[in-house]
Amino acid sequence: DSEDSISELQEWRPVIYRKCTDTLWLLLFCLFWAGLMFISGYAVVAGAAERLVLGYDSFGNICGRKNTPVEGANLSGLDMTNKKYVFFLNSCGLEIQSLKISSLSLCVSSCPQEQLNSLEDLQSFARNNGSFLCIYNLNVSNYTLNLKAAQLCPTLPVPPSKSFPLFNRCVPQNPECYSKYASVLISMVNEMDVFHRILSGILAGRDTVIGLSVLALAFSLILVLAFRFIQTLLIHTLIALVVFGLLFISGVLWWLHYDYRNDPSTELETEKENVKFLLGYAIFSTIITVILLSLIFVLRKRLQFAVQLFQIVGKIIGRIPFLLFQPFWTFLILIVFWVFWVAVLLSLGTAGTAQSTSGGQVEYRALSGICYMAWYHFVGLIWTSEFILACQQMVIAGAVVTCYFNRNKNNPLPHPVLSSMSVLFCYHLGTAVKGSFLITILRIPRIVLLYLYNILNQKKNAKCLFSCCFCWVCCQESCLRYSNQHAYTTTAINGTNFCTSAKDAVCILARNSAKLASISCFGDFILFLGKVFVVCFTVFGGLMAFNYHRELQAWVVPLLLVGFFAYLMSHSFLSVFEVTADAMFLCFAIDMETNDGTAEKPYFVDQELLSFVSQSNKLTEGQNHRSTRPFQDNEEGTELQPM
Numbered sequence: 001d002s003e004d005s006i007s008e009l010q011e012w013r014p015v016i017y018r019k020c021t022d023t024l025w026l027l028l029f030c031l032f033w034a035g036l037m038f039i040s041g042y043a044v045v046a047g048a049a050e051r052l053v054l055g056y057d058s059f060g061n062i063c064g065r066k067n068t069p070v071e072g073a074n075l076s077g078l079d080m081t082n083k084k085y086v087f088f089l090n091s092c093g094l095e096i097q098s099l100k101i102s103s104l105s106l107c108v109s110s111c112p113q114e115q116l117n118s119l120e121d122l123q124s125f126a127r128n129n130g131s132f133l134c135i136y137n138l139n140v141s142n143y144t145l146n147l148k149a150a151q152l153c154p155t156l157p158v159p160p161s162k163s164f165p166l167f168n169r170c171v172p173q174n175p176e177c178y179s180k181y182a183s184v185l186i187s188m189v190n191e192m193d194v195f196h197r198i199l200s201g202i203l204a205g206r207d208t209v210i211g212l213s214v215l216a217l218a219f220s221l222i223l224v225l226a227f228r229f230i231q232t233l234l235i236h237t238l239i240a241l242v243v244f245g246l247l248f249i250s251g252v253l254w255w256l257h258y259d260y261r262n263d264p265s266t267e268l269e270t271e272k273e274n275v276k277f278l279l280g281y282a283i284f285s286t287i288i289t290v291i292l293l294s295l296i297f298v299l300r301k302r303l304q305f306a307v308q309l310f311q312i313v314g315k316i317i318g319r320i321p322f323l324l325f326q327p328f329w330t331f332l333i334l335i336v337f338w339v340f341w342v343a344v345l346l347s348l349g350t351a352g353t354a355q356s357t358s359g360g361q362v363e364y365r366a367l368s369g370i371c372y373m374a375w376y377h378f379v380g381l382i383w384t385s386e387f388i389l390a391c392q393q394m395v396i397a398g399a400v401v402t403c404y405f406n407r408n409k410n411n412p413l414p415h416p417v418l419s420s421m422s423v424l425f426c427y428h429l430g431t432a433v434k435g436s437f438l439i440t441i442l443r444i445p446r447i448v449l450l451y452l453y454n455i456l457n458q459k460k461n462a463k464c465l466f467s468c469c470f471c472w473v474c475c476q477e478s479c480l481r482y483s484n485q486h487a488y489t490t491t492a493i494n495g496t497n498f499c500t501s502a503k504d505a506v507c508i509l510a511r512n513s514a515k516l517a518s519i520s521c522f523g524d525f526i527l528f529l530g531k532v533f534v535v536c537f538t539v540f541g542g543l544m545a546f547n548y549h550r551e552l553q554a555w556v557v558p559l560l561l562v563g564f565f566a567y568l569m570s571h572s573f574l575s576v577f578e579v580t581a582d583a584m585f586l587c588f589a590i591d592m593e594t595n596d597g598t599a600e601k602p603y604f605v606d607q608e609l610l611s612f613v614s615q616s617n618k619l620t621e622g623q624n625h626r627s628t629r630p631f632q633d634n635e636e637g638t639e640l641q642p643m
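Using full-length UniProt numbering, the first residue of the sequence shown is number 1, and each one after it goes up by one.
The hints are simulated quantities; they were obtained by calculation from the structure and are not laboratory data. All C-beta atoms in this analysis are idealised placements derived from N, C-alpha and C, irrespective of residue type, glycine included. Please note: incorrect hints may appear among the correct ones.
What the hints assert, rightly or not - Straight-line Cα separation of at most 25 angstroms, SDA-like style, residue types lysine to any residue; simulated pairs:
id	residue 1	residue 2
1	315	418
2	84	360
3	315	236
Unchecked claim - Cβ pair distances, simulated, as ranges:
id	residue 1	residue 2	range
4	352	415	48 to 54 angstroms
5	564	156	40 to 46 angstroms
6	352	114	36 to 42 angstroms
7	37	251	50 to 56 angstroms
8	322	90	57 to 63 angstroms
9	90	241	50 to 56 angstroms
10	365	333	19 to 25 angstroms
11	333	141	56 to 62 angstroms
12	475	374	28 to 34 angstroms
13	322	365	50 to 56 angstroms
14	322	130	56 to 62 angstroms
15	425	237	38 to 44 angstroms
Construct the entire structure; sequences and hints are all you get.
Printed below as a string of structure tokens:
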């Protein structure tokens with residue numbers, strides 16, 4: 001047994017000369033991306049994303065450009081260069097029939113800014129503005145003379161409308177018409193009534209959502225700087241602000257629910273949904289508040305350890321200041337990839353052939369195989385996003401390993417982040433691919449279960465079963481993410497493949513879990529409070545902003561989107577501290593098991609970190625006598641060398 005222990009310990013060694021790991025997985029990822037490129041090329045050639053973005057009329061003409069005629073459609077192939085806006089003849093009474101909008105649509109040069117009550121008003125508007133709101137082959141002088149003008153012109157009265165900035169649609173400004181218009185257009189994507197109004201609310205409050213997202217970004221940056229230069233007063237201030245924010249947000253949600261419920265003017269469907277969602281938010285916020293306040297009360301005596309922990313982590317980040325910029329690069333790369341992914345998806349969704357109908361109108365019918373391409377494209381979204389995040393984790397872990405296993409702490413190695421990036425791209429991309437693929441395998445079933453859960457919404461037994469399965473998959477994913485992070489750190493140390501690294505990391509963490517688990521969990525709890533701080537104050541800004549537009553939108557769901565984005569932003573930036581702390585503790589455990597603190601095999605660890613671990617675990621008198629050797633006494637261990 002002792003020989004096996006010695007051989008196992010000798011494996012822990014940051015190697016200078018490495019070899020490529022998980023090469024077959026990298027090759028598989030390249031082949032997968034070759035398939036994505038094929039789909040992208042096909043989507044660009046066969047699709048017509050401009051039809052979705054610019055809009056098109058019922059006769060196959062794309063607004064804002066010249067068109068080619070479609071056989072059998074007499075009003076197709078028109079020059080719409082000066083007619084950039086899509087106008088529905090019955091914008092207040094849109095309905096979906098066989099997955100198609102029942103109302104005719106035209107391309108017009110401008111949207112009516114005022115309500116038009118008669119055919120004379122339509123005629124006057126056409127002559128004054130040059131925007132014809134009736135069928136193309138009806139002359140403006142015949143608006144009031146043609147007996148079929150009622151079928152060829154918009155339904156009266158025509159509500160005032162305004163062009164949507166991005167998609168060039170004439171959106172009615174009347175609240176009732178707007179709610180109906182937005183929900184019907186969105187129902188072309190999904191037929192759930194609540195989902196219609198959710199997205200219509202997001203579209204209407206898009207400026208507020210963007211502003212609140214910028215506010216969340218600012219809060220996240222402030223919090224990162226605060227954790228970097230942490231002090232005792234700051235920890236207490238953060239906890240006080242979190243407690244105040246939780247209590248205040250819960251109180252405001254209950255007050256808004258009471259105000260909405262007792263408001264006699266609450267008649268619109270959107271307002272009634274606001275009441276339902278507010279009640280759910282208030283209950284959820286109250287439960288979270290009670291749980292977090294209880295945890296804060298129980299852990300209040302360990303606040304000083306949190307200060308020491310973040311001082312140590314901040315000291316490491318101070319030696320590697322470029323770690324704080326990693327979330328920016330990752331976020332930028334993710335944004336570029338997501339924009340590319342959405343553009344390809346739009347092109348895929350519009351890949352179809354134009355066919356004329358019996359009434360002279362044009363329909364676009366999807367090509368065969370598009371559904372399978374869309375699913376392949378969706379898997380590419382998850383896998384590539386997780387791969388980018390895995391690369392960030394490996395870069396941070398590699399930089400921390402380089403910093404930790406350096407004898408001269410006052411003279412750090414030059415450019416550890418660039419060195420970690422070069423090691424990743426030259427040797428360990430395959431390991432990141434494999435780890436991200438395992439996450440993808442669990443993410444896809446979770447999304448499928450969520451989809452089935454929504455389909456079987458009326459069956460209670462099925463809902464209970466799918467809820468249990470969904471929770472189980474979520475737990476498995478959380479455990480796998482935790483294991484992946486330590487596997488990446490082990491790869492940065494040993495240069496081993498993913499499976500070997502994961503096995504080694506699990507073994508050493510299992511032997512030292514009692515000594516490191518409480519420290520790591522408490523640090524994660526403080527970081528979680530930081531994320532709660534960002535979410536609380538961003539949601540408070542959203543409550544104040546959205547509450548001014550009660551009648552126009554179901555604003556409580558865009559508020560949920562704002563809260564989710566605020567949490568995502570804060571998690572992206574604070575994850576630097578989380579990954580740094582996890583990598584530091586794994587290096588610490590390896591250091592304690594491999595070295596013994598003697599002159600021949602001294603520790604790499606700072607005395608500050610060594611004292612912190614000893615104090616936080618409340619070592620006994622006997623253990624204090626051996627404070628320089630708090631872990632296993634491995635005199636046969638191998639001294640680690642810096643990378």
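Structure-based check of all given hints:
1. About 19 angstroms separates the Cα atoms of residue 315 and residue 418, which keeps this hinted pair within 25 angstroms; it holds.
2. Between residue 84 and residue 360, the direct Cα distance comes to roughly 22 angstroms. Compliance with the 25 angstroms bound is thereby established for this hinted pair.
3. The suggested pairing of residue 315 with residue 236 holds, with an alpha-carbon distance near 20 angstroms, which does not exceed 25 angstroms.
4. Between residue 352 and residue 415 the CB atoms are about 52 angstroms apart, so this pair conforms to the stated range of 48 to 54 angstroms.
5. The hinted range of 40 to 46 angstroms is satisfied by residue 564 and residue 156, whose Cβ atoms lie roughly 43 angstroms apart.
6. Checking the proposed 36 to 42 angstroms range against residue 352 and residue 114 shows it holds: the Cβ atoms sit about 37 angstroms from each other.
7. Take residue 37 and residue 251: their Cβ atoms lie about 53 angstroms apart, and the range 50 to 56 angstroms holds.
8. The hinted range of 57 to 63 angstroms is satisfied by residue 322 and residue 90, whose Cβ atoms lie roughly 58 angstroms apart.
9. For the pair residue 90 and residue 241, the supplied restraint of 50 to 56 angstroms holds, since their beta-carbon distance comes to about 52 angstroms.
10. Separation of residue 365 from residue 333 is about 37 angstroms and departs from the stated range, judged on CB atoms against 19 to 25 angstroms.
11. A C-beta distance of roughly 58 angstroms is found between residue 333 and residue 141, which places it inside the suggested range of 56 to 62 angstroms.
12. In this structure, residue 475 and residue 374 meet the distance hint of 28 to 34 angstroms, their C-beta atoms being roughly 29 angstroms apart.
13. The hinted range of 50 to 56 angstroms is satisfied by residue 322 and residue 365, whose Cβ atoms lie roughly 53 angstroms apart.
14. Judged by the Cβ atoms, the range 56 to 62 angstroms given for residue 322 and residue 130 holds: they are separated by roughly 58 angstroms.
15. Checked against the hint of 38 to 44 angstroms, the C-beta distance between residue 425 and residue 237 comes to roughly 41 angstroms, which is consistent with it.
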